[in-house]
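Sequences are here, hints too, so could you generate the full structure?
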Amino acid sequence: MQNTTIGLLGQSRPQAGRLRRGAAIGAVGVLLPGLFAACGGDDSGDESADGKIKLTVATFNEFGYEGLIEEYNAMQDEVVVEQKKAGTANEHQDNLYTKLAAGSGLSDIEAIEVDWLAALMEESDAFVDLSDSEVEGRWLDWKAEAATTEDGALIGYGTDIGPEGICYRSDLFKRAGLPTDREEVAKMFTTWDTYFDAGRDFVKKSDAAWYDASGATAQAMINQTEYSFEDEDNNVIAADNPEVKAVFDTVTSLAEEGLSTNLVQWSEDWTASFQNDGFATMACPGWMLGVIEGNAEGVEGWDIANAFPGGAGLWGGSYLTVPKQGEHQEEAMELAKWLTAPEQQIKAFEAKGTFPSQNDALEDPVLLESTNAFFNDAPTGEILAERAEAIAFIPHKGPKYADINTAFQQAIQRVDEGKESADEAWQSFLADVERLG
Amino acid sequence: MTLDTSAVTPLGDGGEPSGATATPAGERDAEGSPPRSPAWRRRVSRWDTRLSPYLYVSPFFVVFALVGMFPLLYTGYVSVHEWGLLGGKGDFVGLDNYARVVEDRYFWNALRNTISIFVLSSVPQILIALVLAALLDTQLRARTLWRMSVLIPFVVAPAAVALIFGNVFGDRYGLVNEMLQGIGLEPIRWHVNTLASHVAIASMVNWRWTGYNALIFLAAMQAVPRELYESAAIDGAGKVRQFLSVTLPLIRPTLLFVVITSTIGGLQIFAEPRLFDTQGLGGSDRQYQTLTMYLWELGWRVRDLGMASAVAWLLFLIIIVFALVNLAVSRRVGALGARR
Chain A
0 MQNTTIGLLG
10 QSRPQAGRLR
20 RGAAIGAVGV
30 LLPGLFAACG
40 GDDSGDESAD
50 GKIKLTVATF
60 NEFGYEGLIE
70 EYNAMQDEVV
80 VEQKKAGTAN
90 EHQDNLYTKL
100 AAGSGLSDIE
110 AIEVDWLAAL
120 MEESDAFVDL
130 SDSEVEGRWL
140 DWKAEAATTE
150 DGALIGYGTD
160 IGPEGICYRS
170 DLFKRAGLPT
180 DREEVAKMFT
190 TWDTYFDAGR
200 DFVKKSDAAW
210 YDASGATAQA
220 MINQTEYSFE
230 DEDNNVIAAD
240 NPEVKAVFDT
250 VTSLAEEGLS
260 TNLVQWSEDW
270 TASFQNDGFA
280 TMACPGWMLG
290 VIEGNAEGVE
300 GWDIANAFPG
310 GAGLWGGSYL
320 TVPKQGEHQE
330 EAMELAKWLT
340 APEQQIKAFE
350 AKGTFPSQND
360 ALEDPVLLES
370 TNAFFNDAPT
380 GEILAERAEA
390 IAFIPHKGPK
400 YADINTAFQQ
410 AIQRVDEGKE
420 SADEAWQSFL
430 ADVERLG
Chain B
0 MTLDTSAVTP
10 LGDGGEPSGA
20 TATPAGERDA
30 EGSPPRSPAW
40 RRRVSRWDTR
50 LSPYLYVSPF
60 FVVFALVGMF
70 PLLYTGYVSV
80 HEWGLLGGKG
90 DFVGLDNYAR
100 VVEDRYFWNA
110 LRNTISIFVL
120 SSVPQILIAL
130 VLAALLDTQL
140 RARTLWRMSV
150 LIPFVVAPAA
160 VALIFGNVFG
170 DRYGLVNEML
180 QGIGLEPIRW
190 HVNTLASHVA
200 IASMVNWRWT
210 GYNALIFLAA
220 MQAVPRELYE
230 SAAIDGAGKV
240 RQFLSVTLPL
250 IRPTLLFVVI
260 TSTIGGLQIF
270 AEPRLFDTQG
280 LGGSDRQYQT
290 LTMYLWELGW
300 RVRDLGMASA
310 VAWLLFLIII
320 VFALVNLAVS
330 RRVGALGARR
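Read top to bottom, the protein sequences are chains A and B.
Quick note: the first sequence uses numbering that gives the first Met the number 0, first residue 0, plus one each step.
Quick note: the second sequence uses numbering that gives the first Met the number 0, first residue 0, plus one each step.
One thing to keep in mind: the hints can contain errors.
Label pairs and their in silico Cβ distance ranges [what the hints assert, rightly or not]: (1) B:VAL130 to A:GLU69: 34 to 44 angstroms; (2) A:GLY417 to B:LEU184: 15 to 25 angstroms; (3) B:PRO123 to A:ALA152: 50 to 60 angstroms; (4) B:VAL66 to A:GLU121: 23 to 33 angstroms; (5) B:VAL56 to A:ALA430: 45 to 55 angstroms; (6) B:VAL122 to A:GLY417: 24 to 34 angstroms.
With a straight-line cut-off of 30 angstroms between C-alpha atoms, the simulated DSS-like cross-links for lysine-lysine are [said to hold, decoys possible]: (7) A:LYS346 to A:LYS399; (8) A:LYS323 to A:LYS346; (9) A:LYS51 to A:LYS336; (10) A:LYS399 to B:LYS88; (11) B:LYS88 to A:LYS323; (12) A:LYS51 to A:LYS346.
Computed from the model, here is a short list of chain B residues facing chain A with C-beta under 8 angstroms [to be verified]: (13) LEU85; (14) GLY87; (15) GLY165; (16) GLY169; (17) ARG171; (18) THR277; (19) GLN278; (20) LEU280; (21) TRP299.
Note that these hints are calculated values from the structure, not bench results.
Bear in mind the structure is a predicted one, so any value in this text is a computation, not a measurement.
Ideal placement from N, C-alpha and C gives every residue a C-beta, glycine not left out.
Below, the structure is given as structure tokens:
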């Protein structure tokens, strides 16, 4: 009687124990490889019900393509386009790498970020050569060059770029006795020295920090160094490069002077600092305007200066590629060509603010005349177009760039957090570089 | 003709798996051939009783072989090769990847973090779940409401949990720190201090899993015969004594089950620490990088699948060791309770 009430769990203990142990070990086997199996292949289906070819376009964050894809579907009747959007760039990157490695499962068109370009250029065989006389001269020279292999194959069509201006809080400037007018502020931001000097002046008279994050400022400076972590032949030079050490020393000593919030970009505290008058300036590429507007909702006083310390800077920007795995490469190439044409990128800019990389689009009145109400009606289109023209070269980013950069950013963060002194952090950065090989 | 139908039916069902015999049997049909003989039928029926049980359970094992065994072995195969995420398979390198992993200081760092977070989450989690289950097992008003509500945290997605706790445990503008500062205490640096970060992550895990485990314990407790409590009460045992001497020994199998599953889950913890950090490496000094995050870093950031697979196998072995140790310890605990 007792045994039956206790039921399943009570009877014949030793056996039940053994069974359960077996099940547990079995479960380990199932759970562990699950880590790898996380991204299963989904077939991209060839034909829709009405006999049209189905094309998929995989993007991340906001490309502003929703309206364009509807338009494309309506203007021809051979293909039906479907967009797959990943929430974050990281998610998209993991998916892309995994399926590239697996050899199947990618979309007909895959968007890629400029920071992964170097690693993917090494696998250029996996992508269709998109070079075509029709698109020659469509993009800013350096934009197309970056995606061109040594053999002259073009593996991606440029979509957007991230020319940077400096966004600033004119209300905090005013309280600290700094000029607030866009033109005058721009004069203070021509070189890093004048920018930092203005910052030293500012923090003496204000509770807020000067810029949003040490890492972001370091990143902006690294992006102005032609060869930072790797040389022309992709040898790692991070440890011995005086320019890298100089950037490190500058931002860590400025943090000590109180110019930085000592927060990490994209952390919860960083996001919250927009609402708490945490800082007065930050580097802002076009796509950042939307981020600021979202984080700083209800805060008045944001503006953008037509200047960037040290000349010009780039932050982000993407390409569309056609993987060779796809079955409809010609149709996909046709679609990618259409999506990245100046007329279409202008519409994407209107939709989501992605700043175009096409020469013609940069002269388009729609772009040049656009203003942003949140930023005190600043002519953001014109400012960013001028910032884009000021770019003379793009920094070399080899296959190890992203990994070393992460280690570099972490070293700066350790000093910000007081976990290590600047010297200790530099030494551990060197050890990390050594580890990455 | 009557003979025909009666003979075909068992053959068609039982004989089908042996495939090849089906067609010749059909051909020989007209001649009234041996397959229809009573002896054949007996044999088929014997096969049926012997083989059918295996056939019925086989789907699990087929699926397990496909999604469990194969990836496990294949991961082992990858781990002894040079294997880039994008470049694919390279040379056979033996145990080289394992050696490189063991020599990497971040592996040991990740192991330490994993064990620390595991202990900080599993131990309080099981203790609280036991107490919670014991409380839910008493005569409460609106019992179902209470019982269901402990499960609510479990249905919230880990990403959402991480988002909420990210705000609670913010270093500067977080809820906990603002409260601490409100009563004049020093703020705790949740993302900087190693132990603090582990506590923050463990509380996310506990918040999610305690209620779930409590319900499993509750189910087991309800199967404990009430007479035993009555007898214990007559013998003069108080509530605590009843819990220790009646409840605990009788739910021991369930306790073992929960300990093992939370060991497996705890050592594989990924989403919570991953989302606690925007960079994904577990803090500026990898204060809270767990083994699975380390694996992810090697596989998808450094793009070395060989090393990542070696970590996966090492983790597998570590989990088995931990599960066995836990099994032994919890048996001892259960046995002690029974002896009292």
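State, for the Cβ atoms of A:GLY417 and B:LEU184, whether the hinted interval 15 to 25 angstroms holds or is violated.
Between A:GLY417 and B:LEU184, where Cβ atoms are some 19 angstroms apart, the hint holds.
Agreement of hint B:THR277 with chain A interface, Cβ distance less than 8 angstroms:
holds (4 angstroms)
Holds or violated: the 34 to 44 angstroms window for the beta-carbon distance between B:VAL130 and A:GLU69?
violated (57 angstroms)
So if I understand the rule, the pair passes when the alpha-carbon distance is 30 angstroms or less; does A:LYS51 with A:LYS336 pass?
With a Cα-Cα distance of about 20 angstroms, the restraint between A:LYS51 and A:LYS336 holds, given a limit of 30 angstroms.
Going straight from one Cα to the other, do A:LYS346 and A:LYS399 come out at no more than 30 angstroms?
violated (35 angstroms)
Does the structure keep A:LYS51 and A:LYS346 at a Cα separation of 30 angstroms or less?
Answer holds: A:LYS51 to A:LYS346 is near 26 angstroms, not above 30 angstroms.
Would the stated hint for B:GLY87 survive a check requiring a Cβ distance to chain A of less than 8 angstroms?
This interface hint holds because 6 angstroms falls under the 8 angstroms limit.
Minimum beta-carbon distance criterion (8 angstroms), B:GLY165 to chain A
holds (5 angstroms)
Can you let me know if the beta-carbon spacing of B:PRO123 and A:ALA152 is within 50 to 60 angstroms?
This hint holds: roughly 58 angstroms between Cβ atoms.
How about B:GLN278: closest beta carbon in chain A under 8 angstroms, or not?
holds (7 angstroms)
Please work out if A:LYS323 and A:LYS346 have their alpha carbons no farther apart than 30 angstroms.
Distance ~28 angstroms between A:LYS323 and A:LYS346 Cα, so the pair holds.
Tell me if B:GLY169 is really an interface residue toward chain A, meaning its C-beta lies closer than 8 angstroms to one of theirs.
Holds, about 5 angstroms.
In this structure, the earlier hints numbered 1, 7 are contradicted, and the remaining ones agree with it.
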